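Undergrad: Sequence:
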Amino acid sequence: MAFLDEEFSVDTLPVNTNNFEPLPEGWYNASITGAEVKETKAGDGKYIACKYTITGPSHQGRVVFGNLNIKNASTKAEEIGRSQLGDIMRAIGLGKVSDTDQLIGGNLAIKLIVKTGEYAGNEIKAFRALSGSAPAAVAPFKSVAPSATPAKAAPPWAKK
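Heads up: the sequence shown begins at 1 in our numbering, then just goes up one per residue.
Read the hints as simulated data drawn from the structure, not as lab findings.
Among the clues, some could well be false.
With beta-carbon atoms standing in for the labels, derived distance ranges [said to hold, decoys possible]:
#1 Gly105 x Asn19: 24 to 30 Å
#2 Ser74 x Gly26: 27 to 33 Å
#3 Glu118 x Val63: 19 to 25 Å
#4 Val10 x Lys125: 22 to 28 Å
Only pairs whose alpha carbons sit at most 35 Å apart, straight line, appear in this in silico DSBU-like list of lysine-lysine [claimed, not checked]:
#5 Lys38 x Lys76
#6 Lys71 x Lys38
#7 Lys96 x Lys71
#8 Lys51 x Lys115
#9 Lys115 x Lys46
No experiment lies behind these values; they were computed from the predicted model shown.
The C-beta atom is built at its ideal place from N, Cα and C for all residues, glycine as well.
Please model the complete structure; the sequences and the hints are all you need to start from.
TA: Next up, the structure:
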């Protein structure tokens, strides 16, 4: 048993007004309000844990979380995470990132879906620049001429 330093009365405690229901599917404007590198549970990878605060057109102030695998034992998971990081960087106008703090404050649009199951929630499926605003200039993509190396086999998901 542990004694509290004071007595609490239910009549004087605030009522929780937080709504943890998933947001409806669709595109939302958001600001990146948190980003930090964390180690995977298995200890064999790293991901960027991002916090997005919705700024409109509805549900302002709601928070959504998403992870970007940047190093993972699964090459597919790492490829997806790095692709998402690239989408975010292009949307907020960053040409290079070496510190997660560079992502914080970035404004972009995120596409949410509703994930069902034991715990319903939102999952971020896509990122893009905000409509009507151009992100800061990013160095243009330079295509590289094909090399003389032999073509690689199609990945398993592309085979028929």
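Undergrad: Decide, hint by hint, whether the structure agrees.
TA: Each hint tested on the structure:
Our hint of 24 to 30 Å for Gly105 and Asn19 holds, since their Cβ atoms are close to 25 Å apart. For Ser74 paired with Gly26, a C-beta distance near 29 Å keeps the hint of 27 to 33 Å intact. Roughly 21 Å separates the CB atoms of Glu118 and Val63, a value that falls within the hinted 19 to 25 Å. A C-beta distance of roughly 41 Å is found between Val10 and Lys125, which places it outside the suggested range of 22 to 28 Å.
Of the pairs offered as hints, the one joining Lys38 and Lys76 holds, with about 19 Å between alpha carbons and a cut-off of 35 Å not exceeded. Under the criterion of a C-alpha separation no larger than 35 Å, the hint pairing Lys71 with Lys38 is consistent with the structure, at around 10 Å. Pair hint Lys96 plus Lys71 holds up; C-alpha atoms about 17 Å apart against a cutoff of 35 Å. Annotation: proposed proximity of Lys51 to Lys115 holds, straight-line Cα distance about 17 Å (limit 35 Å).
As the CA atoms of Lys115 and Lys46 are separated by approximately 23 Å, the hinted pair is consistent with the 35 Å bound.
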